[in-house]
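Number of protein chains: 2
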Amino acid sequence: MKKVNILATASVANLVCGFDVLGMALADPADRMTMSLTDSPGITITHEDSYGLPLDPEKNVAGVALLALVEELKEKVGFHVTVNKLIKPGSGLGSSAASAAGAVAGANVLLGNRFSNEDLVRFAMMGEKLASGVKHADNIAPGLYGGITLVRSILPLDIVRLSFPPLYVTVVHPQIEVKTSDARQILRNQVQLKDAIRQWGNIAGLVTGFLQKDYALIGRSLEDVIVEPVRSILIPGFVDVKQRCMAAGALGGGISGSGPSIFMLSIEERTALKVEQEMKEIYSALGIEFRTYVTRICDKGIKVTEADS
Amino acid sequence: MKKVNILATASVANLVCGFDVLGMALADPADRMTMSLTDSPGITITHEDSYGLPLDPEKNVAGVALLALVEELKEKVGFHVTVNKLIKPGSGLGSSAASAAGAVAGANVLLGNRFSNEDLVRFAMMGEKLASGVKHADNIAPGLYGGITLVRSILPLDIVRLSFPPLYVTVVHPQIEVKTSDARQILRNQVQLKDAIRQWGNIAGLVTGFLQKDYALIGRSLEDVIVEPVRSILIPGFVDVKQRCMAAGALGGGISGSGPSIFMLSIEERTALKVEQEMKEIYSALGIEFRTYVTRICDKGIKVTEADS
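In the order they appear, the protein sequences are chains R and Y. Taking numbering that gives the first Met the number 0, the leading residue of the first sequence gets 0, the next gets one more, and so forth. Taking numbering that gives the first Met the number 0, the leading residue of the second sequence gets 0, the next gets one more, and so forth.
For the record, the hints were derived by calculation from the structure and aren't laboratory data. Hints are not guaranteed to be accurate.
To be verified - Every beta carbon over 12 Å from chain Y, so not counted as near; a handful from chain R, in silico: (1) 4; (2) 41; (3) 48; (4) 51; (5) 118; (6) 176; (7) 180; (8) 181; (9) 232; (10) 233; (11) 247; (12) 283; (13) 286; (14) 292; (15) 295; (16) 298.
Unchecked claim - FRET-style restraints, in silico, Cβ to Cβ: (17) 279/Y to 74/R: 55 to 61 Å; (18) 224/Y to 73/R: 36 to 42 Å; (19) 269/R to 165/Y: 41 to 47 Å.
Stated by the list, open to error - Lysine-lysine pairs mimicking DSSO-like chemistry, simulated, CA-CA at most 30 Å apart: (20) 302/R to 75/R; (21) 299/R to 212/Y; (22) 193/Y to 58/R; (23) 128/Y to 302/Y; (24) 178/Y to 279/Y; (25) 73/R to 2/R; (26) 193/Y to 128/R; (27) 75/R to 58/R; (28) 87/Y to 299/Y; (29) 193/Y to 241/R; (30) 193/Y to 193/R; (31) 299/Y to 212/R; (32) 134/R to 178/R; (33) 193/R to 128/Y; (34) 134/Y to 87/Y; (35) 241/Y to 193/R; (36) 134/Y to 193/R; (37) 212/R to 212/Y; (38) 1/R to 302/R; (39) 2/Y to 73/Y; (40) 87/Y to 279/Y.
Just so it is clear, CB atoms sit at the ideal spot from N, CA and C, and this is done for glycine as well.
From just these sequences and the hints, can you work out the full model?
Shown next, in the form of structure tokens:
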């Protein structure tokens, strides 16, 4: 195999009460990448989008992830990667994770699948470190494992795939800038024990809700008393979106990753579409440009297929 | 029905990483109680054990729980309760919860089951408030619901029963005094966000391990970076017990409730017995009196049966 096409899915990290540990892959949007093995060592990157991302592999999230992978190979290989980003950087939809995880997933197929998913997470985390300063896997894991994942621990790496009932996801991306690094800085290093207890009651409830396919429990558990109260201040319209989407029948939702995107879960497609309508009305009234998606949880995660040429 | 016999099970609260939210009912030890409806209003309590617990219903955990129940009845009824405590008060095995939950469970059967489990938890929490100053349900819920329970929230009350794979529980109760109220006071009100994240990764892993019957994941998730490092200082031999029981093949374990009892989970009975042996050797060598139990998770919780006379 000389060339692969990669569909690198967007993802929602945190899932409200699962800060830094839960994540979910979305069917839409997804970056499109093509990748080939080259005869000479070295990584070359071409971007077909207009985001002006750095092409130097040492400064590119896909590049550093591939460099980490290449370092563990005995033979010298090179890759050429073409990226067409459809997940806007800084959207809170795991744009950097899609590039990093997509690249290593593609490389692994080109190399005959010699790395485990866990290895790929390790490599891709180098991309997240470049993007946000922190090695985190909550956006990478759902892309590589598919569906909803729990990153129980980073050191040692321990990732668990969770089963879940059918759900629709509505996302709004208000086109304002919230940098992941800024969104991290406004969090306090210390939290109240009583808030932490409430949070771990909720994450235990959410995980149980997913595994037991208990929609009502999922809804009740989508509560974040630690991160959302601080970060939501950076997102105009947040309180309105949450209130009106819940009134429209959404199970619950919150900030996607570090924002500014907001996601909402619904049982029925028609509810997900009503939720989208509410989001559209709110940001139209606020005069903020936005983009919405009505999609599903992507059970398979990143898709790598052999390219024709 | 005029009289009931009650077997009020012990319980392990917290389950290492689930401070204040997880709990598990044990098949052994259990308090034995008998209870009857009386013609005249008022609650009378007799103790057949020698712990010298207060008999005034306002000062007795079973008494205040029953008073809370009676308050919600239209008619005036009275109860006589005889208690033979086999769960030593202050053991960390949910002794007060067994009295309170056992009493309201018995009363409910005598009244023709007119209250829900959730109601009974509300009443029994009044006993916990008397015993420790805090309304908590992590020992009461497993008694009333059976098995392993998650108290997602106290306000509003939200209790979820979790399924779990077959497990043996070995418990050692070193006969030293650790008051629940003292054990609460030494906890800090603030915790590091990074520790809280590790903790909620672990609780999510533990719940997933129980529900998916994944023993290895249960073992990896039995880690507490917040409460155990502080409270274990109050329990001589704790580090040794944990280390040697793990070496003997236990999946994991930790402080039962607020201590001083320590529990360990094992897949096989012979491992649970080896674990007991380690515990015995450690406390014999330390010259501390102790009591051990090798038991199972009690799937049914508190048992109420009609008495012959």
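The hints, checked one at a time:
1. 4: 33 Å, holds
2. 41: Given that every Cβ of chain Y is farther than 12 Å from that of residue 41/R, nearest at about 37 Å, it holds.
3. 48: About 33 Å separates residue 48/R from the closest Cβ of chain Y, which puts it past 12 Å; holds.
4. 51: 33 Å, holds
5. 118: Given that every Cβ of chain Y is farther than 12 Å from that of residue 118/R, nearest at about 19 Å, it holds.
6. 176: It holds; residue 176/R is separated from chain Y by about 24 Å at its closest Cβ, greater than 12 Å.
7. 180: Fine: 16 Å to the nearest Cβ keeps residue 180/R off the interface.
8. 181: 16 Å, holds
9. 232: The assertion about residue 232/R holds, with a minimum of 17 Å to chain Y.
10. 233: 18 Å, holds
11. 247: At about 23 Å from chain Y, residue 247/R clears the 12 Å cut-off, so the statement holds.
12. 283: Answer for residue 283/R: holds, closest chain Y Cβ roughly 36 Å.
13. 286: 35 Å, holds
14. 292: About 26 Å separates residue 292/R from the closest Cβ of chain Y, which puts it past 12 Å; holds.
15. 295: 22 Å, holds
16. 298: Holds: least Cβ distance 17 Å, greater than 12 Å.
17. 279/Y to 74/R: 55 to 61 Å: 57 Å, holds
18. 224/Y to 73/R: 36 to 42 Å: Once the Cβ atoms are compared, 38 Å apart, the range 36 to 42 Å for residue 73/R and residue 224/Y holds.
19. 269/R to 165/Y: 41 to 47 Å: At 44 Å between Cβs, range holds.
20. 302/R to 75/R: 26 Å, holds
21. 299/R to 212/Y: Answer holds: residue 299/R to residue 212/Y is near 23 Å, not above 30 Å.
22. 193/Y to 58/R: Roughly 27 Å between the alpha carbons, so the hint for residue 193/Y and residue 58/R holds.
23. 128/Y to 302/Y: With a Cα-Cα distance of about 23 Å, the restraint between residue 128/Y and residue 302/Y holds, given a limit of 30 Å.
24. 178/Y to 279/Y: 23 Å, holds
25. 73/R to 2/R: Holds, at roughly 21 Å.
26. 193/Y to 128/R: 17 Å, holds
27. 75/R to 58/R: At roughly 21 Å apart (the allowed maximum being 30 Å), residue 58/R and residue 75/R satisfy the hint.
28. 87/Y to 299/Y: 21 Å, holds
29. 193/Y to 241/R: Cα-Cα ~27 Å, so holds.
30. 193/Y to 193/R: With Cα atoms ~15 Å apart, residue 193/Y and residue 193/R stay inside 30 Å; holds.
31. 299/Y to 212/R: 23 Å, holds
32. 134/R to 178/R: 16 Å, holds
33. 193/R to 128/Y: 17 Å, holds
34. 134/Y to 87/Y: 21 Å, holds
35. 241/Y to 193/R: Given that 30 Å is the threshold and the Cα spacing comes to 27 Å, the pair holds.
36. 134/Y to 193/R: Holds, because 13 Å separates the two Cα atoms, which is no more than 30 Å.
37. 212/R to 212/Y: Holds - the C-alpha atoms of residue 212/Y and residue 212/R are around 16 Å apart, at most 30 Å.
38. 1/R to 302/R: 16 Å, holds
39. 2/Y to 73/Y: Cα-Cα ~21 Å, so holds.
40. 87/Y to 279/Y: 18 Å, holds
Of the numbered hints listed earlier, not one is contradicted by the structure.
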